[in-house]
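**Q** The listed protein sequences derive, respectively, from chains A and B.
Our numbering puts the first residue of the first sequence at 1439, with every later residue one more than the last.
Our numbering puts the first residue of the second sequence at 746, with every later residue one more than the last.
Treat the hints as calculated values from the structure; they're not laboratory data.
Predicted, not measured: the structure shown is a model, and the values here were computed from it.
Among the hints, erroneous ones may be present.
[Claimed, not checked] Computed spacing ranges between beta-carbons, pair by pair:
1) B:793 with A:1675: 25 to 31 Å
2) B:803 with A:1566: 32 to 38 Å
3) A:1655 with B:817: 46 to 52 Å
4) B:815 with A:1665: 28 to 34 Å
5) A:1925 with B:821: 38 to 44 Å
6) A:1568 with B:772: 21 to 27 Å
7) B:753 with A:2017: 54 to 60 Å
8) B:868 with A:1898: 44 to 50 Å
9) A:1672 with B:847: 45 to 51 Å
10) A:1558 with B:747: 54 to 60 Å
11) B:793 with A:2020: 54 to 60 Å
Ideal placement from N, C-alpha and C gives every residue a C-beta, glycine not left out.
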Amino acid sequence: MTMLGYKNCVLRVDLTMKGATMEPLRMDWAEKYIGSKGLAIKYLYEELKPGIDALGPENKLMFTNGPFTGTPVPCSGKLSVAAKSPATGTINDCSIGGHAGIQIKYAGYDAIIFEGKLKEPGYVLIEDGKVAFKDASDLWGLGSHEAEKILADRYGHDYSVMSIGPAGENLVTMSCINSDYYRQAGRGGIGAVMGSKNLKAIVVRGTGGVEVPNIVEATKRIIEIMQQDVLQEDNTFIFDYGTTAFLEACNDGGILPVNNFQDATDEKWVEYNGDVLLQGKKGKRGCGSCGLGCGNFLQIGDAICEGPEYESIAVAGPNAGVRDPEAIVKFNQVADNMGLDTISAGDVIIWAMEMTEKGIHDFGIRFGEADKMIQYLELMAKREGIGADLALGVKACAAKYGGEDFAMHVKGLEYPQYEPRGSWGMSLAYAVSDRGACHMRAYAPNVEVFAAAVPPYTAEGKGQMVYELAESNAVKFSLCICDFWGTLNYETMAELLTIVTGRTWTVEEMSEVGRRVINVARAFNQREGFNRKDDTMPKRLAKEALKSGAAAGQSIPQEAFEDMLDQYYDVLGWDRNGMMPDELICQL
Amino acid sequence: MKRLKFAKEKCIGCQLCAQVCSGMKEGAYIPSKARIDIETYYDNGNLKYKDSYCILCGICAKACPVQCITLDEYLTVDWSRCIGCGTCQAKCPKKVIKIIDEKAYICDTCQGNPTCVQICPQHALTFE
Chain A
1439 MTMLGYKNCV
1449 LRVDLTMKGA
1459 TMEPLRMDWA
1469 EKYIGSKGLA
1479 IKYLYEELKP
1489 GIDALGPENK
1499 LMFTNGPFTG
1509 TPVPCSGKLS
1519 VAAKSPATGT
1529 INDCSIGGHA
1539 GIQIKYAGYD
1549 AIIFEGKLKE
1559 PGYVLIEDGK
1569 VAFKDASDLW
1579 GLGSHEAEKI
1589 LADRYGHDYS
1599 VMSIGPAGEN
1609 LVTMSCINSD
1619 YYRQAGRGGI
1629 GAVMGSKNLK
1639 AIVVRGTGGV
1649 EVPNIVEATK
1659 RIIEIMQQDV
1669 LQEDNTFIFD
1679 YGTTAFLEAC
1689 NDGGILPVNN
1699 FQDATDEKWV
1709 EYNGDVLLQG
1719 KKGKRGCGSC
1729 GLGCGNFLQI
1739 GDAICEGPEY
1749 ESIAVAGPNA
1759 GVRDPEAIVK
1769 FNQVADNMGL
1779 DTISAGDVII
1789 WAMEMTEKGI
1799 HDFGIRFGEA
1809 DKMIQYLELM
1819 AKREGIGADL
1829 ALGVKACAAK
1839 YGGEDFAMHV
1849 KGLEYPQYEP
1859 RGSWGMSLAY
1869 AVSDRGACHM
1879 RAYAPNVEVF
1889 AAAVPPYTAE
1899 GKGQMVYELA
1909 ESNAVKFSLC
1919 ICDFWGTLNY
1929 ETMAELLTIV
1939 TGRTWTVEEM
1949 SEVGRRVINV
1959 ARAFNQREGF
1969 NRKDDTMPKR
1979 LAKEALKSGA
1989 AAGQSIPQEA
1999 FEDMLDQYYD
2009 VLGWDRNGMM
2019 PDELICQL
Chain B
746 MKRLKFAKEK
756 CIGCQLCAQV
766 CSGMKEGAYI
776 PSKARIDIET
786 YYDNGNLKYK
796 DSYCILCGIC
806 AKACPVQCIT
816 LDEYLTVDWS
826 RCIGCGTCQA
836 KCPKKVIKII
846 DEKAYICDTC
856 QGNPTCVQIC
866 PQHALTFE
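So here's chain A without its partners, still in its complex pose (with noise of 0.2 Å):
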């Protein structure tokens, strides 16, 4: 059936011939997944071979809004932007903000496939229905922020960019995709993807639009969803602190990680905390469509960004000895523009620290050594002295150099910055999340530690509770909403997605869309081969409990995880390898 709210069209990209086609929206696996995140993961599931290099011209970067693109609905500026990870070869769909979904959307796709590689650098220029393929050789080294400023400055700022950094043009496995400067696809090595095949930016503009039912009624319901649900405190925070917010939470519960994961809480936190960086405000800004607007834009002393998000705070200042807010910004700033992910650039460079500490490998840094992490960071998506090492990743060095005890990663996606042993689970949800350690896939910390529901420190429930905050962020990421908006519940969700397609659908299937996402990653990934023996936990929190904070003491026994893990596949209907039964597999 069609359904308002989409545009019902594919854009797909052959880079390699430089031709474009336009094909209709499979909207049966529309009304499966819906939208962004899962009907991302299931064209992937369809179309990519199992096996092929994730570095390989066989890969497709698939860019993918949803129905609520481009309308009123709150927290909908959002897109996903997916592929095979290099990093970790599993499924890896990102989320990035910024205006560049709504761009696609209004320029008159659901979705955009590139295929292929270009024989030279160039990018993809997306005009309505135009696609003209342009060179890139003035760009080709730059950083990511100034690729995209020649390209505003060429186009106007009616125009999104999407842009990668030296990082992604070297193949870097931890490198982004950035918008709008300072949004980014961080995670997975997404950034190689685009790099390996010779794309160094999208430019996109839209001048098209989005029909729903009885527009004028819709607008009006939304309007009051906006007043009533997203305007209230439990989201609003968001606005006057960003994720900043987190960090005393953070640390009053005992999971804010410090020198590399060794100890969950840092007494010198209000050093760098959000009141210290928000004095270098100098704007808001949002997404499009946003209704809360997270984004502090921010410069203290020579250093400028958007942000910093709690993750890049924690990963640059007390997860590495730092304390320095300005170093925090600049390792945000240098970041972004080299086009590496924060987080996992972040984990191998307080990794090598450890290493130095301990006498293991001497990677010539410490903990506290600021500048030289940000020289580090250069190096690293160059790929130029002791850069092409960390470049590799954590998992990858561990297993050079040793360390593999304190390498704090899943399938080779490093750690996000929220300590497991005092939020047990979390060491299940980086364990089962479809891409390797994310913390955006169910967010243990929110009811364990944050809300206090649940006990924090114990394995019971946890499989039950991992599995129902994941099929939450599966439906809610599916139809690219922004996390942010943390009321929103199914009823609201099936009402909105009502309106706007004019197909009625009801809270069921909101849970079953969401269990649906989550299987078809996890059948993507089996058959690229991945079992319970890839569902882990750094060793280390198992062998060493904390030292000091809300969870001093506290380790997670090996049996404890391998519990949680068991009644995670329990919920699932897997077996107790982790693999999805052939019934499961056929209903997908």
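Given chain A, work out where chain B should sit, using these hints.
**A** For chain B alone, kept in the frame of chain A given last:
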């Protein structure tokens, strides 16, 4: 007379104003046809603002060669008389008027109850 007011320090650049404007007036969420255009963007390390919205100055009404625009509590365009000459667009100090299919698209503040103000999540837009 109530007018739109814009406090740029509160604006997050969401463009919801243009989306709902076009939704109410054009039957689709299509900001390229909206009668308001407020955006933010980065340029040379600075956050810049584009603030095209009607301030009810009435210059368009005075300039119209066929007198099809009238200003009362809000602006009204008589499209049966509009010839799409673009004089109003050229004179508009806020560059908010569009000529589409030879007709002038001018904000009428939703006849005194602007939808853009209702949705503006951070109250950057007010009507006072």
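**Q** It remains to establish, for every hint, whether it holds in the given structure.
**A** Checked hints:
1. B:793 with A:1675: 25 to 31 Å: Cβ of residue 793 of chain B to Cβ of residue 1675 of chain A: about 27 Å, so the range 25 to 31 Å holds.
2. B:803 with A:1566: 32 to 38 Å: holds, 35 Å
3. A:1655 with B:817: 46 to 52 Å: violated, 28 Å
4. B:815 with A:1665: 28 to 34 Å: Once the Cβ atoms are compared, 33 Å apart, the range 28 to 34 Å for residue 1665 of chain A and residue 815 of chain B holds.
5. A:1925 with B:821: 38 to 44 Å: holds, 41 Å
6. A:1568 with B:772: 21 to 27 Å: This hint holds: roughly 25 Å between Cβ atoms.
7. B:753 with A:2017: 54 to 60 Å: With Cβ atoms ~55 Å apart, the hint holds.
8. B:868 with A:1898: 44 to 50 Å: Between residue 868 of chain B and residue 1898 of chain A, where Cβ atoms are some 46 Å apart, the hint holds.
9. A:1672 with B:847: 45 to 51 Å: holds, 49 Å
10. A:1558 with B:747: 54 to 60 Å: Holds, at about 57 Å.
11. B:793 with A:2020: 54 to 60 Å: Since the Cβ atoms of residue 793 of chain B and residue 2020 of chain A sit about 56 Å apart, the hinted range of 54 to 60 Å holds.
In this structure, only the earlier hint numbered 3 is contradicted, and the remaining ones agree with it.
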